[in-house]
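Quick note, the sequences are listed as chains A and B, same order. Residue numbers for the first sequence, in the numbering used here: 1 to 404. Residue numbers for the second sequence, in the numbering used here: 1001 to 1343.
Hints are computed from structural coordinates only; laboratory data are not their basis. Mixed in with the good hints, there may be bad ones.
[Claimed, not checked] Covered by chain A, per the in silico footprint, the following chain B stretches (three or more residues, Cβ under 8 Å):
hint, segment
1, 1012 to 1023
2, 1087 to 1096
3, 1103 to 1116
4, 1120 to 1132
5, 1147 to 1154
Given the structure is predicted, the values throughout are model-derived calculations rather than measurements. Just so it is clear, CB atoms sit at the ideal spot from N, CA and C, and this is done for glycine as well.
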Amino acid sequence: MLGLNKKDTLLFWIVAGMALLAPFLLNPFPEGSSLAQMFNAGYPDLMQRFVIFGILVIGFNILFGLTGYLSFGHAAFLGIGSYSAVWMFKLVGMNVIPAILLAMIVSGIFALLIGYVSLRRSGIYFSILTLAIAQMCYNMAYSVLGNPASNFNLTNGETGLQLSLDDARVLGESVTADGALPVTNFFGLAMRSSYQMDVGGWLFTFNVGYYLSAIIMLISFYVSIRIFRSPFGMMLRAVKSNQQRMNYTGLNTRPYILAAFVISGIYAGLAGGLLSSMDPLAGAERMHWTASGEIVIMAILGGVGTLIGPVLGAGFNEYFKNILSKINDQVLHDWLAFMPDGIENAMVGFLHYFVGKGWHLTLGIMFMLVIIFLPGGLVEGGQRIANKFGRKKNSDETKQTPAE
Amino acid sequence: MDAIILQILNGLDKGSAYALIALGLTLIFGTLGVVNFAHGALFMIGAFCAVTLKKLLTLSYFVEDPTKTDFLGKPLKVATPYVQSWFGESAGAAMIDWAVPLAILFSIPVMIGIGFIMERGLIKHFYKRPHADQILVTFGLAIVLQELIKTFYGANPIPTPAPEVFRGSFDFGVMLGFDPNAIIYPYWRMVYFAFSAVIIGAVFAFLQFTTFGMVVRAGMADRETVGLLGINIDKRFTIMFGIAAAVAGMAGVMYAPINSPNYHMGMDFLVLSFVVVVVGGMGSLPGAVLAGFMLGILEAFASMNQIKAIIPGIDQIIIYLVAIIIILTRPRGLMGKKGVMEE
Chain A
1 MLGLNKKDTL
11 LFWIVAGMAL
21 LAPFLLNPFP
31 EGSSLAQMFN
41 AGYPDLMQRF
51 VIFGILVIGF
61 NILFGLTGYL
71 SFGHAAFLGI
81 GSYSAVWMFK
91 LVGMNVIPAI
101 LLAMIVSGIF
111 ALLIGYVSLR
121 RSGIYFSILT
131 LAIAQMCYNM
141 AYSVLGNPAS
151 NFNLTNGETG
161 LQLSLDDARV
171 LGESVTADGA
181 LPVTNFFGLA
191 MRSSYQMDVG
201 GWLFTFNVGY
211 YLSAIIMLIS
221 FYVSIRIFRS
231 PFGMMLRAVK
241 SNQQRMNYTG
251 LNTRPYILAA
261 FVISGIYAGL
271 AGGLLSSMDP
281 LAGAERMHWT
291 ASGEIVIMAI
301 LGGVGTLIGP
311 VLGAGFNEYF
321 KNILSKINDQ
331 VLHDWLAFMP
341 DGIENAMVGF
351 LHYFVGKGWH
361 LTLGIMFMLV
371 IIFLPGGLVE
381 GGQRIANKFG
391 RKKNSDETKQ
401 TPAE
Chain B
1001 MDAIILQILN
1011 GLDKGSAYAL
1021 IALGLTLIFG
1031 TLGVVNFAHG
1041 ALFMIGAFCA
1051 VTLKKLLTLS
1061 YFVEDPTKTD
1071 FLGKPLKVAT
1081 PYVQSWFGES
1091 AGAAMIDWAV
1101 PLAILFSIPV
1111 MIGIGFIMER
1121 GLIKHFYKRP
1131 HADQILVTFG
1141 LAIVLQELIK
1151 TFYGANPIPT
1161 PAPEVFRGSF
1171 DFGVMLGFDP
1181 NAIIYPYWRM
1191 VYFAFSAVII
1201 GAVFAFLQFT
1211 TFGMVVRAGM
1221 ADRETVGLLG
1231 INIDKRFTIM
1241 FGIAAAVAGM
1251 AGVMYAPINS
1261 PNYHMGMDFL
1271 VLSFVVVVVG
1281 GMGSLPGAVL
1291 AGFMLGILEA
1301 FASMNQIKAI
1311 IPGIDQIIIY
1321 LVAIIIILTR
1331 PRGLMGKKGV
1341 MEE
């Protein structure tokens, strides 16, 4: 279907099904129960983050997974996309489509420039160059272009760029009738509006913003499958396996890598534009290099170079971040109540460092373990488990290396 | 003229820190061929060694002093640090005052130990993996170390003052024959510069004039051949990793009074140190030192008001701009050797 082979079609429909049914799948526990408090993730804000970061990592994977060029500055494009989208809201109108388009165009232009410069080198130099350029963008957004006193205040510095009541919009009014800020919408459908369905004890929320992001994510996912299966994708893989040999055969690989870099930059810009569409606020911290590091972490967690990996990695990272930061000492005490008091207290005292505010630590450790023992991420883990249980599968399929 | 000298001096302390971290990074890269993203974390741990020693020295016991009362009218508890009761009042007070310099002694074994554990426990297994994996695993390690420090010391910067005699500033201009008050410079920054010069000199002398250093240099040039000669080069490289960690740690200890240690200071320095290493040339020790001081001084010049008036915000981006220009025009960096990391 749609030019995909059977396996990819199946994969696409699985992802589509998961994305479209996410409000059900992520809300397995009845509303109000203690498990729901902890493990339900079916609320709009989090679901939006799942799919938006999914888009971001799918794009990153086109660069890193296919060509092996590790960009440590991808968050810059995310930030650039966010800022351009907010500017579109401020100046033109509250419809999200033009904002997202502008975000993609601007980040694409930046990706072209940055890629042109940084792809002069490869390997570690490329990583460090992208890191330096992204950090330069961050510094500029944070201070130079964000000075509220100057006439050239593009980013509003520390506060972050946001809507204000005196924005002069070309289309639409600056203030709604009741004196509030207008909301972002998709041809009249407000992004934040949701429909809630009450079934028995369960409460399912269907959010406009989420579904818009999910559909865009599916389109991006489809495009990424097509890129993976195209001759262009094949060329990128060839670059990864042996660039020198490609050069010796008389082929100039740089345009191909640059194209991959720009595509992944556009994906990141799209994700940034969507983030701003859901909540019209763009801050410089989105561009900080630790944010770039987080993109890399998500890609690795899921499985670099695989189709489904980025989506899994983004979802996994966001979900665990959310859960771990919610667990506090009281919750731990409840969970470990079956133990003798002394051991319980000791365990809680120990686990205290890994949950709540310490979730960074857990994710960092998890990331290291994945890199050390499972370089192919969750996808490889799944394959290993599948192999272990001796599923009678075609050996071609199971042996598909994640970092192909 | 005095303004120029002042900016050079202002650049020296940051430049020294960049140079020390970049020196360690280059040592690790040149010997083991690993890009260590956790090196900034080592710098940060060094700074927290100073914090820890300060805390240990000020561990106190409390005695109720019946002659004094607090604002509630209860007898006041007077804290007396244990060191004061062990070594006498003045000696104990002096030790607490000199906690930061003492922390250097304390940090060397700690940092060498951490370096050994890191190399033997983790990085050893990554020599044969791609560079991307090395970057990622050390990046993960940096996050973990940083978060560990955050859990134990909290997220706020911890002020760690220099010894009493080195606090405050002195008029450096008068010594050079300028007008009074033209060049005012803090004592501790001068100390920092002198200290880093000594450390850099020591590392170079160690590599240049000892047999051990000679073998290490030979190993940097051709690891395989040195191994074939029957020398256990891996062991020496591990020791070099420990030394690089100690250099970063000492840089951190001495930096603590300049900038109160917080858990992400390592990450802040790391990016710049990478830039320094790349500008200096991957694998070139003199290049790293030169580039460190050069970029530190450039940054100081760019933050002059006269220059900021022409190009606003240049101080924030100058280092990156210079780095980009240098990588594009001189891909090997200022003093990079041929054949190191060329693709």
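Now for the hints, and whether the structure bears them out:
no.: 1; hint: 1012 to 1023; in the structure: violated (count 0)
no.: 2; hint: 1087 to 1096; in the structure: violated (count 0)
no.: 3; hint: 1103 to 1116; in the structure: violated (count 0)
no.: 4; hint: 1120 to 1132; in the structure: holds (count 6)
no.: 5; hint: 1147 to 1154; in the structure: holds (count 4)
Of the numbered hints stated above, those contradicted by the structure are hints 1, 2 and 3, listed in ascending order.
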